[in-house]
Each structure stands twice: as structure tokens, then as C-alpha cells.
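> Take these sequences, add in the hints, and give me the full structure.
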Amino acid sequence: MYEVVTLLTDFGDFYPGVMKGVILSIAPEAKVVDICHSVEPQNVLQGAFLLYNSYRFFKNAVHVAVVDPGVGTERKALAVKTKNYVFIAPDNGIAYPSAYEDGIKNIYEIDLSISELVGELSTTFHGRDIFAPAAALAVKGNLWDYCEEIGDMEKLELFDYEIQGNTIRCKVVFVDRFGNVVTNLRARDINAKRFYFKGIEIPLVKTYSNVEIGEPLALIGSFETLELSIRNGNFAEVFDIKSGEEIELEVL
Amino acid sequence: MYEVVTLLTDFGDFYPGVMKGVILSIAPEAKVVDICHSVEPQNVLQGAFLLYNSYRFFKNAVHVAVVDPGVGTERKALAVKTKNYVFIAPDNGIAYPSAYEDGIKNIYEIDLSISELVGELSTTFHGRDIFAPAAALAVKGNLWDYCEEIGDMEKLELFDYEIQGNTIRCKVVFVDRFGNVVTNLRARDINAKRFYFKGIEIPLVKTYSNVEIGEPLALIGSFETLELSIRNGNFAEVFDIKSGEEIELEVL
Amino acid sequence: MYEVVTLLTDFGDFYPGVMKGVILSIAPEAKVVDICHSVEPQNVLQGAFLLYNSYRFFKNAVHVAVVDPGVGTERKALAVKTKNYVFIAPDNGIAYPSAYEDGIKNIYEIDLSISELVGELSTTFHGRDIFAPAAALAVKGNLWDYCEEIGDMEKLELFDYEIQGNTIRCKVVFVDRFGNVVTNLRARDINAKRFYFKGIEIPLVKTYSNVEIGEPLALIGSFETLELSIRNGNFAEVFDIKSGEEIELEVL
Numbered sequence: 001m002y003e004v005v006t007l008l009t010d011f012g013d014f015y016p017g018v019m020k021g022v023i024l025s026i027a028p029e030a031k032v033v034d035i036c037h038s039v040e041p042q043n044v045l046q047g048a049f050l051l052y053n054s055y056r057f058f059k060n061a062v063h064v065a066v067v068d069p070g071v072g073t074e075r076k077a078l079a080v081k082t083k084n085y086v087f088i089a090p091d092n093g094i095a096y097p098s099a100y101e102d103g104i105k106n107i108y109e110i111d112l113s114i115s116e117l118v119g120e121l122s123t124t125f126h127g128r129d130i131f132a133p134a135a136a137l138a139v140k141g142n143l144w145d146y147c148e149e150i151g152d153m154e155k156l157e158l159f160d161y162e163i164q165g166n167t168i169r170c171k172v173v174f175v176d177r178f179g180n181v182v183t184n185l186r187a188r189d190i191n192a193k194r195f196y197f198k199g200i201e202i203p204l205v206k207t208y209s210n211v212e213i214g215e216p217l218a219l220i221g222s223f224e225t226l227e228l229s230i231r232n233g234n235f236a237e238v239f240d241i242k243s244g245e246e247i248e249l250e251v252l
Numbered sequence: 001m002y003e004v005v006t007l008l009t010d011f012g013d014f015y016p017g018v019m020k021g022v023i024l025s026i027a028p029e030a031k032v033v034d035i036c037h038s039v040e041p042q043n044v045l046q047g048a049f050l051l052y053n054s055y056r057f058f059k060n061a062v063h064v065a066v067v068d069p070g071v072g073t074e075r076k077a078l079a080v081k082t083k084n085y086v087f088i089a090p091d092n093g094i095a096y097p098s099a100y101e102d103g104i105k106n107i108y109e110i111d112l113s114i115s116e117l118v119g120e121l122s123t124t125f126h127g128r129d130i131f132a133p134a135a136a137l138a139v140k141g142n143l144w145d146y147c148e149e150i151g152d153m154e155k156l157e158l159f160d161y162e163i164q165g166n167t168i169r170c171k172v173v174f175v176d177r178f179g180n181v182v183t184n185l186r187a188r189d190i191n192a193k194r195f196y197f198k199g200i201e202i203p204l205v206k207t208y209s210n211v212e213i214g215e216p217l218a219l220i221g222s223f224e225t226l227e228l229s230i231r232n233g234n235f236a237e238v239f240d241i242k243s244g245e246e247i248e249l250e251v252l
Numbered sequence: 001m002y003e004v005v006t007l008l009t010d011f012g013d014f015y016p017g018v019m020k021g022v023i024l025s026i027a028p029e030a031k032v033v034d035i036c037h038s039v040e041p042q043n044v045l046q047g048a049f050l051l052y053n054s055y056r057f058f059k060n061a062v063h064v065a066v067v068d069p070g071v072g073t074e075r076k077a078l079a080v081k082t083k084n085y086v087f088i089a090p091d092n093g094i095a096y097p098s099a100y101e102d103g104i105k106n107i108y109e110i111d112l113s114i115s116e117l118v119g120e121l122s123t124t125f126h127g128r129d130i131f132a133p134a135a136a137l138a139v140k141g142n143l144w145d146y147c148e149e150i151g152d153m154e155k156l157e158l159f160d161y162e163i164q165g166n167t168i169r170c171k172v173v174f175v176d177r178f179g180n181v182v183t184n185l186r187a188r189d190i191n192a193k194r195f196y197f198k199g200i201e202i203p204l205v206k207t208y209s210n211v212e213i214g215e216p217l218a219l220i221g222s223f224e225t226l227e228l229s230i231r232n233g234n235f236a237e238v239f240d241i242k243s244g245e246e247i248e249l250e251v252l
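Residue numbers (this note's numbering), protein chains in the order written: chain A, 1 to 252; chain B, 1 to 252; chain C, 1 to 252.
Hints were generated in silico from the structure; no laboratory data involved. Accuracy of the hints is not assured; some may be wrong.
What follows is a set of in silico ranges between Cβ atoms, one per label pair, in the way DEER data are often shown [what the hints assert, rightly or not]: (1) C:LEU112 - A:ASN84: 45 to 53 Å; (2) A:GLY214 - B:GLY233: 32 to 40 Å; (3) B:ILE213 - C:ASP145: 33 to 41 Å; (4) C:ALA187 - B:GLY103: 35 to 43 Å; (5) B:GLU74 - C:ILE213: 50 to 58 Å; (6) A:LYS140 - C:THR207: 23 to 31 Å; (7) C:GLU120 - B:LYS198: 26 to 34 Å; (8) A:ASN142 - C:THR207: 25 to 33 Å; (9) C:PHE239 - B:GLY233: 24 to 32 Å; (10) B:VAL238 - A:ASN60: 47 to 55 Å; (11) A:GLY199 - B:GLY233: 41 to 49 Å.
Glycine included, each C-beta is placed from N, C-alpha and C at the ideal position.
Here is the structure:
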């Protein structure tokens, strides 16, 4: 039933390759697809945001999301069955917004004994020892042998921002390779023609080409949230903005 | 007929993962292969050069190349049928040198309504909304339902350099991870035993080991153009050269 | 018999994409899996260490490992048959620790004429011209047509460190994205409760959460060697440690 296994982590290079070895050794029929391995280290919110904006573009997929500052602690390893997917993740909220949106059916805790399929149980790399074999078994259809159904999972709110009068305080959830600053401010809560950021006027436009090259702009990007950009430039660099920051915008 | 879908973009991490979701949802039989996602942002020439030096090593492939500073403007989305491949790309010249070399048969404009297969049409991420579904349909063989044949496509010249007397002015089209400076100067136009660059003599040799470790050298690299290197060192860093620059070489 | 082809290189982006084209053109049935392409340029020891810590998690795999400062010299191109795998690599020791551990059966030199399958023979990119077609033929089962059995291969010792009295001098073989400093000091040779590094006391613990956030720690990581970390921080950055360095630890 499930064929595709997606991987979204903060692991960078190498570690995901080992996970693929584990997955393919157990389930050679799996198609493993990388979504992203450059989530900012231990930024669970960013991982949750990127998963939320990618999971639904896949079909019949097992989504593995591992940004896991709690590895080696008592935090649970989860398998969450939703209407269309299985999510495999640490119980820190990373999979919650996606699973909730798709429709949670059952929440399971994965038993650490699943690591017997790998032959290793480290305290630092559950991506290899727990989450990879779990994904492989989800593809094979017998993950549930290593699972116990539990009642609940950690929640995480992607869209916590404040709008007070003319002031918006929202979060930078992603800075992409072009220096586009992706915020968590949803289109539905934007009711303005321009913003002021650090005293600079930034028009809200439809597309990059609505301003001159080198000019700043705001638009509703492909995440359906507010993005700040410089046309053919790098907003994040010019304004020294990092992923994870809170920013303040004025609407006048 | 086509099975492999290659991706070459300036998207970095994450966005290509979403494209893979779209492609595999429409054409689960596709084999998606990454060529490169670290093209310098919006450097169409570099994208064209890297595509030109990789497309022919694949068989039965749909090549998707998206370096797209004009996304959201009126620039067309193209599907180009050539002797052996289909190229899917914005109409900015990125696919032209490759398509021309392989032999252009038909040039089509992709209708934006193809985004109905994704359920999204952003102004910023046509990789997801237009090019990915187009690639998937090319694999399935019914891309042409969403296409209209047009007469022409934007051209782009990879090998525009000047040779005047003893002076060569060529472009740095790629700086690789080793700091090798890859130029667009073709082997066929090189008729020298050594070059002078910023006053330094650089011998033209067959292979790195023809000079001592730490010494500069020039050779005809795997792109069949001139490359400048330091044996076991980093030429680009030492001489502060960036991709996209024009450089001047003397032949004495 | 072999279906998976793994790639481990210091090539960064782009070059591995070309290798995949070559492999899939010759052996469309191959499943190509990236282990890592960000080995520190020309750091053969790091390549060997990462291969040694990943190869066994795959089944029925052809492992291609190319960190190759000697490309274009007389160094041999090898195919090594072991109990469970085929290793394809330059003869510089990179594949030796893995092949030795799995059990070497036959060592072959690959003839450069194998490049006729690619139609190119550069002096700089044997990943494309030699190692990729070799991997594809290993999948197809007829690599041996292009091979001659030889008696021996270059050796490489992963675990060369010195323990003299209370002083340990070992090597940093990998710095991961979190700034964890992975050394080559094996668990079996560790007999301490704490280390002193540059005068700072670092406790040996089971897992990150055994110390407070921001505090340094040492543990036996997923490589089964000593790692130095800062909980939710970046040890390598704080202590300015680079991969390849030798470090000195005191046990008091």
C-alpha cells in the first residue's frame, strides 16, 4: 500500500545515506525520496513547517521526519496513521500539524526493540536504529508488531503570531537559498497593501517582477504565507535575518 | 518510452523534494535523478552549461532544468522534443544549447492550466506547479494535451569568449567543490603551452600530477574546456574567483 | 544479484549526477543511493571512515567510493569482491577497512578501456569515465570482462592513535552538521569517566541529556568511537576544530 518513503531531517550529508541502507535492506521495494536534510539543527518548528508544506504533494507515502533534540531521552518514537499517510517521527510535535491536517486515525509508540532489525541501538542516531526500520516496516505492512497504540501526541502550533493594531510579530520559519525570508504569517491574516520593516516600506505585490531589480517586496509565496524578498537579490543577507527569528512588521 | 526524470535547478534543498512528490504522484513509474540543485542563484548560463555537460550521459530521459529569474512574468514554460530527450524548462535559453546539440524536433509552450494536476498555482514556484507535472506527463506520454506547438525558443550561447592577439577573455562558468575554475574556453580554441593569469605563469598540462602539490596548472577538464586548478589546492579561493566572472588570460 | 549502487565521494553537487546518468544508461535496473558527497576534498581517511560506518547497513550493494587525489596518475582503479559486496574505488586504501572487515575474496584492477562504454576518458573525472561504468557492469554481472585479478591492494589504518600514560592523541575523522567532533578512538580503548581537553573537563556520558544544555560532553557515538559534543550546541565551532586534525586528550 505504501511505496514511497520520504525523509526530512536536520542531518545534513551522510547520516541519511545510512538510513537509506537500513530501509532498503528491510524493504527493497521502497522508493526513498529526500525532502530536505538541511533543516536548521534542532529547529523542530522549521522541520514541522517544511513537512507541512510538502507531505500532501506525495501519494501513498510514509513520511519520516527527524529533527530530534531529545534523542536519547525518554521522548517517544511515534508512528501516526492518518487518512492518507503514515508519519514516523519523534514525539516533539514535528509531525503534528501535518498529521492533524490530514486527519489522525491512530497514534502508536514504536518500541525500541525494533532496533533489533538493524542490530544497533545508539543513544544518538535513532534515525538509523528506530525511525528507518519503522519506515521500512510501514512499507511492508507489519510495523504494528512493534507498536503500541497510545492516546495522544505532542502538539505544535505553526501559526502563532501576534497582530495588535498595526503591529505584526511573526516568525521566520525558513530562509531559502535565494535569501527569501519565509514567515509563518498566513495569507488569510494579511490585510495590507504594504509593510514597514525597520523603517523601510515594502509593497505587497503579486510577483517578483512587480518591482524593479534590487528592490524589496513582500508577497504570498508558495507556502501561502508572507515572504520578504529582494527581486534578484538576497533579503535575508541584506537585512541580516536568520531562520528562527521573530520579526516585527508595521502596517500603516 | 521515457523513464528517467532529471532535475537541475538553483533551488538548494527542500524545493526539489516537493517537485519529486508531484512527479511521483502523477507518474509513480518515474525514476527521478538529481543532477544538481546548487546552480548559483539565477545564473542561467551556469545552468545551461551544467545541463549541456550532463544531459547526454542519460538515456530515455526527461530533463527538467529550472533556473528561472523570470518566474511569475510572461516568460513561457517550454517542452522541447529532441532526437533523444524531452527538455522541460523556462524559455530563457537554459535548455537551448543541449536541445540544439541533440537535435530539436518540436518546441511546445506548456499551458499554465497544467497546474490543475497539482492543485496550486503560485507566482514563485513553477518548479512545483508547472514543470514537475509537465515532466510527469512526459513520462506518461500525454504531456502534449497541455501543450501548443510554437515556432521558436530563446537562444543562449555558451561559448562566447574573445581571443584577440595574445589575450583571451572568457567566462568562469562553474567553480567546483575543489576550487577548480571551469571556464567556457573550448579545447579547440586553445593553442598554447602556458597561460599568464594576473602575471603568474600557469602551464597547460595533461593532468594534476604533472605539477608539484600546491602549484597552479591549467588543463582541459571533463567539460572539454579550460580549467584552472592548484594541485591538491583551491585555485578559486587563492585567486578569489567567483562563478560568473569574466577572466583575462595572456598567451605569450 | 547486486541491485543497489551506493556513491560516496568528495564531489559535492553536480558530478555525482553525471555518474548516475552513466550508471542508469548501462544498468537501468540499478538503484543508485547517495551515501555522502561532502567528504572533505581529498580526505581519503574520512572517506574510508564514512564508508566503514555505512557499507554494512546495505544489502546486495555495489559500493562506489571515490576520494581520489591521485586521479590521472598511475594509481589503479579497483573492484574488490568481498563476502557480501563489491567495492569500486581508487587503489588508495579508501575501501580497504570495509572490504577487509567484510572478507576480501578477489581483488581486480579495472582496465581503463571500460571508459569506452561512456565514450569519454578524461584525466580528471574517473568517477564518470571508469568507476560509474564499472559499478553498472557489476550490477549486470559482467564487470569481470574488463578486469584482471591482482594480488593486493593499498591498505589504510582507520584506528591509528596513541595512548601513552594519561595522554591520548587521536584524529578527528568527521565533524557533522551539529558540530559533533567524531574521533577515531574506539570504545574498546576508552577506560575513563572524564577527559580533559585544552584544560576543560569533559565528562563521558551515555547520552546528550546527561548534561545541561550548553555543556560539553563526550560519548560513544553511532560510529562506536569517541565523540565530543556540546548539548544543543556546536563543539567544533566553539573549540575551532576541523576534520583531519589530531587532538590531544588527558585522562586524569
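> Against this structure, judge whether each hint is valid.
Now for the hints, and whether the structure bears them out:
no. : hint                            : result
1   : C:LEU112 - A:ASN84: 45 to 53 Å  : 51 Å, holds
2   : A:GLY214 - B:GLY233: 32 to 40 Å : 36 Å, holds
3   : B:ILE213 - C:ASP145: 33 to 41 Å : 36 Å, holds
4   : C:ALA187 - B:GLY103: 35 to 43 Å : 59 Å, violated
5   : B:GLU74 - C:ILE213: 50 to 58 Å  : 52 Å, holds
6   : A:LYS140 - C:THR207: 23 to 31 Å : 30 Å, holds
7   : C:GLU120 - B:LYS198: 26 to 34 Å : 31 Å, holds
8   : A:ASN142 - C:THR207: 25 to 33 Å : 29 Å, holds
9   : C:PHE239 - B:GLY233: 24 to 32 Å : 26 Å, holds
10  : B:VAL238 - A:ASN60: 47 to 55 Å  : 51 Å, holds
11  : A:GLY199 - B:GLY233: 41 to 49 Å : 46 Å, holds
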